[in-house]
Amino acid sequence: MITLRINGEELITSASPDTPLLYVLRNEFQLFAAKFGCGMGQCGSCAVLIDGEIRYSCLLPVAAIGTKSVRTVEGLSTMEGDLHPVQQAFMEENAAQCGYCTSGMMIATVALLEEIPQPEDEQIQAALKGQLCRCGSHPRVMKAVKRAIL
Amino acid sequence: MKDLLKSLPIEGRRSFVKQLGTLMVSFPLTSPILWPSYGPVQEEKLPRTLQRNPSLGAWLQVTEDNRVQVFTGKIELGQSIKTVIRQVAAEELSMEMEQVEVIMANTAMTPNEGYTAGSGSVKGSAIAVRYAAAFARMHLCSLAGNQWGLERKDVHLDNGTIFSKDKKRSISIANVLGGQQSEVEVTMPIELIPKRKYRFVGRPNVSYDIEQIVRGEPYFIQDLVFPQMLHARILRPPAPNWNGNIDVAKLKLLLPEGLELFVDGKMLAIVGADEYTVVKTHRRLDRELKWHSDEVSVTDRTLSEKMKEMSTEEVEVISPTVKEDLAGATFEGTFFKPYILHGAMGPACGVAKFDMDLLEVWTHSQGVFPFRAALASLFSMPAERIIVKGEAGAGCFGHSSADDAAADAAILAHAFRGRHVRVQWTRQQEHQWEAMGSAIKIDVKATLNDQGEIVTWESEVRTDSHSTRPNKDPGTLLSARYLSKPFYMKGKGYIRGGHRNAEPYYRIASNKLVAHHFQGPLRVSSLRSLGAFANVFAIETIIDKMSRYLGEHPIDFRTKRLDDERAIAVLERLKEQTINEKTAEREGLGYAFGRYKNTDGYCALATKLSVSVNGDVTLIKCWAVVDVGEVMNPLGLEMQVEGAILQACSWTLKESVTFEGNAVSCADWNAYPILRFGNVPDFDITILDQPQEQPLGGGELATPPTPASITNAIFDALGLRIYSLPVKIQSHP
Ligand code: FES
Ligand code: FES
Numbered sequence: 001m002i003t004l005r006i007n008g009e010e011l012i013t014s015a016s017p018d019t020p021l022l023y024v025l026r027n028e029f030q031l032f033a034a035k036f037g038c039g040m041g042q043c044g045s046c047a048v049l050i051d052g053e054i055r056y057s058c059l060l061p062v063a064a065i066g067t068k069s070v071r072t073v074e075g076l077s078t079m080e081g082d083l084h085p086v087q088q089a090f091m092e093e094n095a096a097q098c099g100y101c102t103s104g105m106m107i108a109t110v111a112l113l114e115e116i117p118q119p120e121d122e123q124i125q126a127a128l129k130g131q132l133c134r135c136g137s138h139p140r141v142m143k144a145v146k147r148a149i150l
Numbered sequence: 151m152k153d154l155l156k157s158l159p160i161e162g163r164r165s166f167v168k169q170l171g172t173l174m175v176s177f178p179l180t181s182p183i184l185w186p187s188y189g190p191v192q193e194e195k196l197p198r199t200l201q202r203n204p205s206l207g208a209w210l211q212v213t214e215d216n217r218v219q220v221f222t223g224k225i226e227l228g229q230s231i232k233t234v235i236r237q238v239a240a241e242e243l244s245m246e247m248e249q250v251e252v253i254m255a256n257t258a259m260t261p262n263e264g265y266t267a268g269s270g271s272v273k274g275s276a277i278a279v280r281y282a283a284a285f286a287r288m289h290l291c292s293l294a295g296n297q298w299g300l301e302r303k304d305v306h307l308d309n310g311t312i313f314s315k316d317k318k319r320s321i322s323i324a325n326v327l328g329g330q331q332s333e334v335e336v337t338m339p340i341e342l343i344p345k346r347k348y349r350f351v352g353r354p355n356v357s358y359d360i361e362q363i364v365r366g367e368p369y370f371i372q373d374l375v376f377p378q379m380l381h382a383r384i385l386r387p388p389a390p391n392w393n394g395n396i397d398v399a400k401l402k403l404l405l406p407e408g409l410e411l412f413v414d415g416k417m418l419a420i421v422g423a424d425e426y427t428v429v430k431t432h433r434r435l436d437r438e439l440k441w442h443s444d445e446v447s448v449t450d451r452t453l454s455e456k457m458k459e460m461s462t463e464e465v466e467v468i469s470p471t472v473k474e475d476l477a478g479a480t481f482e483g484t485f486f487k488p489y490i491l492h493g494a495m496g497p498a499c500g501v502a503k504f505d506m507d508l509l510e511v512w513t514h515s516q517g518v519f520p521f522r523a524a525l526a527s528l529f530s531m532p533a534e535r536i537i538v539k540g541e542a543g544a545g546c547f548g549h550s551s552a553d554d555a556a557a558d559a560a561i562l563a564h565a566f567r568g569r570h571v572r573v574q575w576t577r578q579q580e581h582q583w584e585a586m587g588s589a590i591k592i593d594v595k596a597t598l599n600d601q602g603e604i605v606t607w608e609s610e611v612r613t614d615s616h617s618t619r620p621n622k623d624p625g626t627l628l629s630a631r632y633l634s635k636p637f638y639m640k641g642k643g644y645i646r647g648g649h650r651n652a653e654p655y656y657r658i659a660s661n662k663l664v665a666h667h668f669q670g671p672l673r674v675s676s677l678r679s680l681g682a683f684a685n686v687f688a689i690e691t692i693i694d695k696m697s698r699y700l701g702e703h704p705i706d707f708r709t710k711r712l713d714d715e716r717a718i719a720v721l722e723r724l725k726e727q728t729i730n731e732k733t734a735e736r737e738g739l740g741y742a743f744g745r746y747k748n749t750d751g752y753c754a755l756a757t758k759l760s761v762s763v764n765g766d767v768t769l770i771k772c773w774a775v776v777d778v779g780e781v782m783n784p785l786g787l788e789m790q791v792e793g794a795i796l797q798a799c800s801w802t803l804k805e806s807v808t809f810e811g812n813a814v815s816c817a818d819w820n821a822y823p824i825l826r827f828g829n830v831p832d833f834d835i836t837i838l839d840q841p842q843e844q845p846l847g848g849g850e851l852a853t854p855p856t857p858a859s860i861t862n863a864i865f866d867a868l869g870l871r872i873y874s875l876p877v878k879i880q881s882h883p
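Those protein sequences? They're chains A and B, same order as listed. For the first sequence, counting from 1, position 55 maps to 55 in the numbering used here; every step adds exactly one. Quick note, the numbering used here runs 150 ahead of the 1-based positions in the second sequence.
Bound conformation, chain B alone:
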């Protein structure tokens, strides 16, 4: 990264800082400082991302006006990561939060932290920042101590100023650094602020950017404007593998003055300075293009039946034995979850400029570094000549079309050199072309013995890939396949995500899981919780059946068959919260539990609902009890949990991608309805804080238990079992 900064004097960090009107002061490289050893060493090893990027300057810098900038390789997508990072940095630096600015993922400035995904932002980035900031505090204090001939323990840092114990001396953190340009490396041991002294971490904090948002100030990638910027819209066939005769000359005749038609293979774009003229022309030309395809292998109506025949042999067998002789009462089910859209409210947008062999790209990608690698191979250019800057995007909850739109912009920027090109996807394109959440089919057969123990559990999972995120294979970018020199994605991406949480967390004597790869017709990638949503739906439905069979309270049934105290604790608390709940006729209360990935956060969930005579489900209330270990920002966590539940309610009750062959037909919000006001339940979220435990991330853990809490409540209300999503209840008097 240092080399990159050297080779990019124009766009490096320093010029950025100048734009902000401040001068950068880096941490000088001094002879190694020996820390006085007091306080227990907090951890043997540095957090992993810090080991990979040990330079302190990669994580934070002091500005001339005595504030601190913190760099994170993660991107803000509504999960509140900037807030958490600001909290931990301010805490360890003993500063006010307002004095800390958080800078998001940018290949020229921030550490490479891979993807913003898998509920890993807090676990990864926030913890790295915690150690880096604590190290910075120790380092700054030592520098002052050295100047004054005092030991580090006799100086302390308070909101940007270092004081001697007797308060006779003080120096600002900017001054103590003295403007040298090299950097120190973060090393152990590091002394963290004791948790009992926390002022910010663990307290509710409103989002970092909330004021900018309520003021309606430019904030999102869609709001970026550059002088002389060109607007572009892409013309695409209705689906991959469709063909058409592209009569470029004829299309050009339809272009209004000042607009350009970009053509490279089957990638076409309308480009011009006035956005609405581009929009109108795009619509006109889109009608003009005639595409065709003969393959209609499967449709949304036949998918569930055909998944078996479209699947491969087993790709993986985990826990391979099941001892038939143990079997007792049998509980079975075949479960289905359709394709689901990410459906971000803001369709994808990307901006790019190519000039003097330097490509700059602005994107709401989840991974600016892997995306840069994809661009580098797409254009056969060195990654060092590409700067990818992370910008805020609308919440997308997985691998969205952000990278694809930014790649579109980058392709066009090569043709319109020296100009910023902004590509905005249309709503229809967003619905038709995003890499959606995979369909899943699961067969479960499980048994209870006479003592009520779960003795066998067999499941078979059929699903497509659960991540096709960009990497150095340019075929991971949508438009790459349409270029005259096309690239197609190699491999299948991350298959194992499909059986995430497929193994029950309960005590089971004999367990067998078989996973198949289903080669589906649609483009797919990661969506919040991957396969866990469907797998926990299946498990928790079977568990509900078992508890009813034995006549045990659904929570007691679970706690008796769990060994993990934290799992039992969330369930017991949920029981307390809901014990006095009464249900009227046609109302039901349903429970579900999940430990995300079977290694992360715990969530016990109850849903109360009613079902009308014509089968409409009204959500009344959701209770959730969660344990994510150390909680950094309870307000942010509560919002993530509420949001995850509501989104999963929407998936469960309403959502299903419709398609014919590989052409998606639900191209707008009318054809793909989602949950909206009018059916928003009340919420009661309880967080069991465990300040001494590792933080586990809270963005996904409430997603998997949601569907079964709903369908178990429907069973409670009507005696009707739901196996296939979205829930469809014929009129049920």
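The shape of chain A in the complex, shown without the other chains:
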């Protein structure tokens, strides 16, 4: 049994210690925001925040998390359901086409803005470089990140 701190709650998993966090989030805790995109740390679809830093959950064994706090897109909005400013900005800018990459994009944005509250364009592009998108939602994601800054 491993205890995880996910979105402010203590949750217990019976998954084997080598199980990547992604499978536990999705299959045990019904947290579907993080997506399976490659399982190889190459696309960013599965991104989550571990103690505020972006990590790819497809490669992160649950046993390696320890007492660190895990935050997923589901944990960005308030308990009452109010959207996080980054979610709000992504919604207002319609920063998704199919939306498969969107969770990862938002997680990367939250991580960026928590570190650099007023990033320059190059800093935004650098921070999102690991997040792949096939639909070309990039320009709208840029707009959303800038809206979230304001």
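Just so you know, the hints here were simulated from the structure itself, not pulled from any lab data. Nothing here was measured: the structure is a model prediction, and the numbers come from that model. Check before you lean on any hint, since a few could be wrong.
To be verified - Partial list, derived from the structure: chain A residues whose beta carbon lies under 8 angstroms from chain B:
1. Asn27
2. Phe32
3. Met40
4. Lys129
Quick reminder that beta carbons are idealized off the backbone N, C-alpha and C, glycines included.
Dock chain B with the ligands against chain A, hints included.
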């Protein structure tokens, strides 16, 4: 379809609605209502999909709580079709958009609209819904009018309630229907809401599902969960035609407790309740299986040279004459576009359950009905016993592996009866097994006479099929060929897609196009814009050469040789947008134009970029001016155009499938890099709205002009012509 509903009482529409907590009220069949004739008749004939499915109930239904559900045979793949359908339905029904729910392709519920493809969703489905919804409004008003002894013109519908003119009477749309079960048919004449009164159509609207997506709620097929669901991963050889000795007994020894090995011929799968255990075991067994093949006919390095010898004689000659005596200054080029992946961000997934002779399948297929036909022949079962439900998938832009993964699930569901089986393809499988976009080779030779007129244009196109989508031939499904009773695809699929847009849209005195079928080593099918991407690349490169030869501005050169005013208008607007643009050293500005399929939307495109000393291209800005006729959702269209350009930038600058024989070697994102943040240009998209014109669909039109706008800009920067994609520039000081 009515019969199907009768034969499927459990899974029919009504039980679905019950799940939603509402009761269905259908449109009662009344004696034919004579419409008072006012307002001009909008169209002589019903839109084609409506003619095929004329029952009003096939398109929309009123729920007991006075909302409307609209059924579309199309599927949402990021192209925003649900948003557009909601806009047109709300408009014609004079309702708020939130009151309209859109239900996607499902063989038990929605009309058969074939494939979601070819930029046809708006043209097809949205227009059908427009007429069906307008008819529903007239019908509902007439019902109320009949009850009150008033003419239809003396009642009107407003957000779910019908009022008499004097406002003394009102009735909800659910109540006016009174719960009868039969249906009326949509017939002409239909009075549409005048466009000047539109409240939703033509205005920017965020995507239907955007809130669900930003909240990270379950939304995609990958997020489906059923009680007791089994997870599965497929074991495959590295490529078709590879052989191996499958030692089933030995493999079984490696299985952890609780997991099953499914074997049918050369189709193997690991199945179990815990997904990660299945994943680990799949990796282990995959290493264990040894496959071999001797045929290495061609590789990605030799493909371009070998395409000629691997091609057939001409399969088609269009516009067969070229008058040699007209010829003047000659412009030539041999162009090449490699195999390209769809590369959806979410690898294919499918879920299926087989129980009591009923097969249910959940898929992100582009065509639930044709896919059902393929399953019916694969399992020799009546199509009526198969329900295929469309679910959202990651953007794939063509025939993806969705059908294959769902077929895998359906095969396994037969073995694990009564359980939902979920098949998730791995990233490697997605890259190796999807039916990719075909390689193309094009030879062009064209001439200008002394007056600067284009007098001859000869092109030869060599390419493989551009659609092998599922149909009643089960061989269109990947795993069918591995079963102990195998099926192989008959025919070659849609060959003509290869020379889509191969004929220039410009005024040319004498024109000859020869198309060859190239029998390539890899599995191929439709990818955004089919052959148009490569063909317009070739045409617009030659056009650029000609304009430089004459010293004319590239836009003026084009407009002078076009007869279509709408084509000229997009180009002229683009000229205005870019006229003051200056380029520094090593920077270039390139132009291109295309009318998709030569019959659809217009797109004029300019790209500004810079090239570093070591040959790296940095995209600075893209301008696009588009005309797609009537625009339903400008925001959705703008996104489609931006997305298409960026994706085509990625194809142009980075993408090429690597392979040895028929084994694909670029099995992940490191081996198959795509454009990413760090090289995303600024965008300036202009939409020339033409509210009185037919809507033409905007998902593909910006794809074909993109490569030449880039390579012409590279020429502008360096004086270097690019003929072969992806762009590779050796260091160029
Ligand atoms: S799924 Fe984790 S990085 Fe791709
Ligand atoms: S929006 Fe489709 S992958 Fe990014």
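Now for the hints, and whether the structure bears them out:
no.: 1; hint: Asn27; result: holds, 6 angstroms
no.: 2; hint: Phe32; result: holds, 4 angstroms
no.: 3; hint: Met40; result: holds, 6 angstroms
no.: 4; hint: Lys129; result: holds, 5 angstroms
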